[in-house]
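Just need the whole structure built from these sequences, with the hints factored in.
4 protein chains.
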Amino acid sequence: MIQEKYRECIEACISCMNACNYCYVSSLKEYELAMLRDCIRLDRECAEICAFTAEALSRSTLFAKEICELCAKACEACAEECSKHGHQHCKDCADACLRCAEICRKMSAAAA
Amino acid sequence: MIQEKYRECIEACISCMNACNYCYVSSLKEYELAMLRDCIRLDRECAEICAFTAEALSRSTLFAKEICELCAKACEACAEECSKHGHQHCKDCADACLRCAEICRKMSAAAA
Amino acid sequence: MIQEKYRECIEACISCMNACNYCYVSSLKEYELAMLRDCIRLDRECAEICAFTAEALSRSTLFAKEICELCAKACEACAEECSKHGHQHCKDCADACLRCAEICRKMSAAAA
Amino acid sequence: MIQEKYRECIEACISCMNACNYCYVSSLKEYELAMLRDCIRLDRECAEICAFTAEALSRSTLFAKEICELCAKACEACAEECSKHGHQHCKDCADACLRCAEICRKMSAAAA
Chain A
156 MIQEKYRECI EACISCMNAC NYCYVSSLKE YELAMLRDCI RLDRECAEIC
206 AFTAEALSRS TLFAKEICEL CAKACEACAE ECSKHGHQHC KDCADACLRC
256 AEICRKMSAA AA
Chain B
156 MIQEKYRECI EACISCMNAC NYCYVSSLKE YELAMLRDCI RLDRECAEIC
206 AFTAEALSRS TLFAKEICEL CAKACEACAE ECSKHGHQHC KDCADACLRC
256 AEICRKMSAA AA
Chain C
156 MIQEKYRECI EACISCMNAC NYCYVSSLKE YELAMLRDCI RLDRECAEIC
206 AFTAEALSRS TLFAKEICEL CAKACEACAE ECSKHGHQHC KDCADACLRC
256 AEICRKMSAA AA
Chain D
156 MIQEKYRECI EACISCMNAC NYCYVSSLKE YELAMLRDCI RLDRECAEIC
206 AFTAEALSRS TLFAKEICEL CAKACEACAE ECSKHGHQHC KDCADACLRC
256 AEICRKMSAA AA
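Protein chains in written order, with the numbering used here: chain A, 156 to 267; chain B, 156 to 267; chain C, 156 to 267; chain D, 156 to 267.
Mixed in with the good hints there might be a few duds.
Each pair may be met inside one copy or between any two copies, as identical chains are not told apart.
[As the list claims (entries may be wrong)] With a cut-off of at most 25 Å between alpha-carbon atoms, the simulated DSS-like pairs for lysine-lysine come out as follows:
(1) K246 to K184
(2) K246 to K220
(3) K160 to K239
(4) K184 to K160
(5) K184 to K261
(6) K160 to K246
(7) K220 to K160
(8) K184 to K220
(9) K228 to K160
(10) K261 to K228
(11) K184 to K239
(12) K160 to K261
(13) K220 to K261
Derived by calculation from the structure, the hints in this document are not laboratory data.
Okay, structure coming up:
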């Protein structure tokens with residue numbers, strides 16, 4: 156399949172999308188909601204950018220380099236915010252984001 | 156994780172998105188392009204609806220029933236078209252579509 | 156243009172997406188954040204479904220009937236939630252949602 | 156509204172998405188289909204990136220600079236391909252792409 160070279164990156168994006176969306180839904184239910192404003196916003200931002208990146212790679216986008224770099228930046232920003240909070244969903248999200256960022260950075264460099 | 160009940164369906168949607176997009180890109184390279192007009196169009200249609208469904212389930216959408224039913228319809232239409240053609244990418248796409256349709260139908264019924 | 160029959164509906168979806176996203180960003184900044192949990196979630200839900208609907212109609216989707224019906228439901232649910240709150244961004248969002256729901260209902264019926 | 160500064164750019168992205176999708180659907184119906192392989196692929200690429208950009212700006216994305224730059228690149232590539240063909244839908248698409256690219260470049264610079 157043409158997307159074989161993208162498989163690892165697509166999977167990392169989907170895992171990260173799931174972790175961000177889980178953190179988003181969970182954060183909206185937390186008692187200390189006010190502390191999580193930026194977390195909620197970045198979770199959505201990162202989830203939507205990961206979903207977009209996965210679909211773009213899946214169709215063998217002509218802009219893999221730029222899109223993977225964008226995705227890496229969003230993942231890094233979301234990881235930084237989530238790592239400030241002690242909730243398990245935030246920790247899990249930060250981990251997924253850092254992993255996705257690393258794979259996207261490699262993909263972006265390879266597509267250069 | 157909140158999306159545990161959606162995991163199988165999200166994975167089927169991503170697999171189907173990948174198969175549809177691979178069939179799309181491959182069809183655009185075929186010599187007998189004119190026979191594949193409907194295939195190309197349905198591949199895109201189904202890929203985008205599968206991507207949307209996966210992201211919606213991932214955020215625990217309030218409209219899982221309706222979205223999974225829509226996705227099942229798109230998958231069935233794409234499978235029907237792809238099964239008319241002998242290319243391996245069409246056969247693989249039809250298989251992925253039928254599997255995704257079945258899982259989406261079950262999910263839609265469960266969300267009722 | 157082929158999408159001429161969809162123009163009004165595409166525009167209503169984009170207006171509604173903008174109103175929902177504005178309400179979303181504004182709600183996340185409100186002091187009484189806890190009262191707006193459902194509003195935030197429905198704003199995102201409705202914004203993403205409206206964006207998806209607009210793009211689908213723009214590509215002359217084969218599933219206009221189903222997608223417009225889904226969009227109408229999401230708009231109605233978001234309008235119901237937003238109309239519970241006194242913020243101007245909630246009122247504006249409810250108005251945009253009701254208008255979009257009405258146009259999507261008509262479009263869905265016409266596509267039957 | 157918070158997105159006021161993004162209004163012109165959101166509108167240009169939606170117009171470009173519509174023109175790309177119209178060119179896409181029209182190209183798939185042309186007799187000389189084989190000449191339009193790259194046009195079809197770039198139309199889809201550009202339409203999806205424009206739709207993503209509009210939604211991202213609408214939610215006041217934190218990555219406006221990067222996303223608008225990506226969108227400008229996609230629009231320029233699509234304009235270049237479409238300007239090779241004599242069909243009216245290709246010419247209209249190229250015009251919409253060039254206009255959107257210019258506005259996205261300005262937005263990207265302003266968001267720097």
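Hints and how they fare:
no.: 1; hint: K246 to K184; in the structure: both (16 Å within a copy, 24 Å between copies)
no.: 2; hint: K246 to K220; in the structure: neither (28 Å within a copy, 28 Å between copies)
no.: 3; hint: K160 to K239; in the structure: neither (34 Å within a copy, 29 Å between copies)
no.: 4; hint: K184 to K160; in the structure: between (38 Å within a copy, 19 Å between copies)
no.: 5; hint: K184 to K261; in the structure: neither (35 Å within a copy, 28 Å between copies)
no.: 6; hint: K160 to K246; in the structure: between (29 Å within a copy, 22 Å between copies)
no.: 7; hint: K220 to K160; in the structure: within (13 Å within a copy, 28 Å between copies)
no.: 8; hint: K184 to K220; in the structure: between (36 Å within a copy, 23 Å between copies)
no.: 9; hint: K228 to K160; in the structure: both (21 Å within a copy, 23 Å between copies)
no.: 10; hint: K261 to K228; in the structure: both (13 Å within a copy, 21 Å between copies)
no.: 11; hint: K184 to K239; in the structure: both (18 Å within a copy, 19 Å between copies)
no.: 12; hint: K160 to K261; in the structure: within (12 Å within a copy, 32 Å between copies)
no.: 13; hint: K220 to K261; in the structure: both (10 Å within a copy, 22 Å between copies)
Checked against the numbered hints above, the structure violates hints 2, 3 and 5; every other hint is satisfied.
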